[in-house]
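Each chain, written out:
Protein chains: 2
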Amino acid sequence: MRNIDVCLSPELIHQYELKGKIVVVVDILRATSCMVSGLATGVAAIKPLADVDICKGLKQEGYFTAGERNGSKVEGFDMGNSPFEYMEPHLKGQKVAVTTTNGTLAIEKSKTADQIVIGAFLNLTAVAKYIQQQDKDVVVVCAAWKGKVNLEDSLFAGALVERLAASHQPECDVPRMMVKLYQIEKNDLFTFVKESSHARRLNKLDVFKDIEFCVQEDTFDIVPVLRDGHLVLAG
Amino acid sequence: MRNIDVCLSPELIHQYELKGKIVVVVDILRATSCMVSGLATGVAAIKPLADVDICKGLKQEGYFTAGERNGSKVEGFDMGNSPFEYMEPHLKGQKVAVTTTNGTLAIEKSKTADQIVIGAFLNLTAVAKYIQQQDKDVVVVCAAWKGKVNLEDSLFAGALVERLAASHQPECDVPRMMVKLYQIEKNDLFTFVKESSHARRLNKLDVFKDIEFCVQEDTFDIVPVLRDGHLVLAG
Numbered sequence: 001m002r003n004i005d006v007c008l009s010p011e012l013i014h015q016y017e018l019k020g021k022i023v024v025v026v027d028i029l030r031a032t033s034c035m036v037s038g039l040a041t042g043v044a045a046i047k048p049l050a051d052v053d054i055c056k057g058l059k060q061e062g063y064f065t066a067g068e069r070n071g072s073k074v075e076g077f078d079m080g081n082s083p084f085e086y087m088e089p090h091l092k093g094q095k096v097a098v099t100t101t102n103g104t105l106a107i108e109k110s111k112t113a114d115q116i117v118i119g120a121f122l123n124l125t126a127v128a129k130y131i132q133q134q135d136k137d138v139v140v141v142c143a144a145w146k147g148k149v150n151l152e153d154s155l156f157a158g159a160l161v162e163r164l165a166a167s168h169q170p171e172c173d174v175p176r177m178m179v180k181l182y183q184i185e186k187n188d189l190f191t192f193v194k195e196s197s198h199a200r201r202l203n204k205l206d207v208f209k210d211i212e213f214c215v216q217e218d219t220f221d222i223v224p225v226l227r228d229g230h231l232v233l234a235g
Numbered sequence: 001m002r003n004i005d006v007c008l009s010p011e012l013i014h015q016y017e018l019k020g021k022i023v024v025v026v027d028i029l030r031a032t033s034c035m036v037s038g039l040a041t042g043v044a045a046i047k048p049l050a051d052v053d054i055c056k057g058l059k060q061e062g063y064f065t066a067g068e069r070n071g072s073k074v075e076g077f078d079m080g081n082s083p084f085e086y087m088e089p090h091l092k093g094q095k096v097a098v099t100t101t102n103g104t105l106a107i108e109k110s111k112t113a114d115q116i117v118i119g120a121f122l123n124l125t126a127v128a129k130y131i132q133q134q135d136k137d138v139v140v141v142c143a144a145w146k147g148k149v150n151l152e153d154s155l156f157a158g159a160l161v162e163r164l165a166a167s168h169q170p171e172c173d174v175p176r177m178m179v180k181l182y183q184i185e186k187n188d189l190f191t192f193v194k195e196s197s198h199a200r201r202l203n204k205l206d207v208f209k210d211i212e213f214c215v216q217e218d219t220f221d222i223v224p225v226l227r228d229g230h231l232v233l234a235g
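Protein sequences, first through last, are from chains A and B.
Letter by letter, the first sequence follows residues 1 to 235 in my numbering.
Letter by letter, the second sequence follows residues 1 to 235 in my numbering.
Do not rely on the hints blindly, as some may be mistaken.
[Stated by the list, open to error] Some chain A residues close to chain B (C-beta under 8 Å, calculated; not the full set): (1) L12; (2) K180; (3) D188.
Honestly, the hints are just simulated from the structure, not real lab data.
The beta-carbon is built from N, C-alpha and C at its ideal position, and this holds for glycine as well.
Looking at chain A on its own, in the form it has when it is part of the complex (with noise of 0.2 Å):
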């Protein structure tokens, strides 16, 4: 058996040995299934930057550009932060550059991973499929709010414990609770995550949709990794 582990909280990643493990990093509402949804779709590759300025000027060598900050579009992007945009028949073949309040800095965080994977409900077989074709343990980074621990991260994280349950046991506490939270929550995760603090501050912005879209599971068998700077499909 292998070993997953879960962190909450980018605030906590120094608690974790990364090197060598598998990190997925997750943010529902919405970065990662944004990322999942646009490669899934067609997007050829995708620039996670903490930086506004920098990921801003990406414009000009060619990438469309994607902008979120507490939630809403930055002035001045291509595209805000929801998925709908990210699958828009028009990225086909295109790179985009994106940065997002809390997932790009999760990945950020996490480079002395051996691989970074972006784990979303939409695609959670799929990562659960392509971490047992390894002998690698674990560590599911939850991109939370502003540091601050959710719902939606943790549930995810309690997913992906339940699908790897035959090849990864749990490291410590964490993952342990947040399974039993998922295996009572998961017949019913909209109802649950539509009442989450995000899910609300995102509803005064009219994302009611982006939100039941991002609940749903397997809707894509994609990996998407980080390789050289860019997300891209695994294989």
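Assemble chain B onto chain A, guided by the hints.
This is chain B only, laid out in the frame that chain A set:
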């Protein structure tokens, strides 16, 4: 309605505004369970200290000294970190100076709060009643294990959220998550908690009896509060 929030680790405490609020510090295995047990059975006052040497020095001022690091008693101290040691008859009317790996640090980091209250399963209902006599927001600060989120402190947080449901609403996702977890596990806390990382760590140190004692609810009807650097009975 007032609000209740839950800080899962002292390393996340900067995310919480404590000013004007009641902080309930919890370290089920075993610091706050010891404090509650001692004060409930006759210890006059307990002085929590983050530093081992300062704590040890208080022996000269007539304190009994209790020191624990990594689950074991520190050499040169009168007591370790078992609730049974705190209930010894010779401690009646005496003062105890205590330092532990996590619990005393959590108290130290909560000092901007309006009031610091010591919580454990042993005095759960008493703490809830004490809070409901006041009109203040509450933050539960989990001592965790060297910063890592743990099961037993998180479950206590969920238990207090449940007990305060009529007066305090969850401020963000964490209290909502933990109350769910507590509600599915509350009928057999011992089974769940004895599989926790920390319980397994302590079991090696032969303190199984302590764990069984510490997960009992409402053994004592007292509330320790911090006043002038000492924990004493409220009221």
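Quick rundown of the hints versus the structure:
1. L12: Status holds, d = 6 Å.
2. K180: With a minimum Cβ separation of about 6 Å from chain B (threshold 8 Å), the hint on K180 (chain A) holds.
3. D188: With a closest approach of 13 Å, the D188 (chain A) hint is violated.
Of the hints listed earlier, the one the structure fails to meet is number 3.
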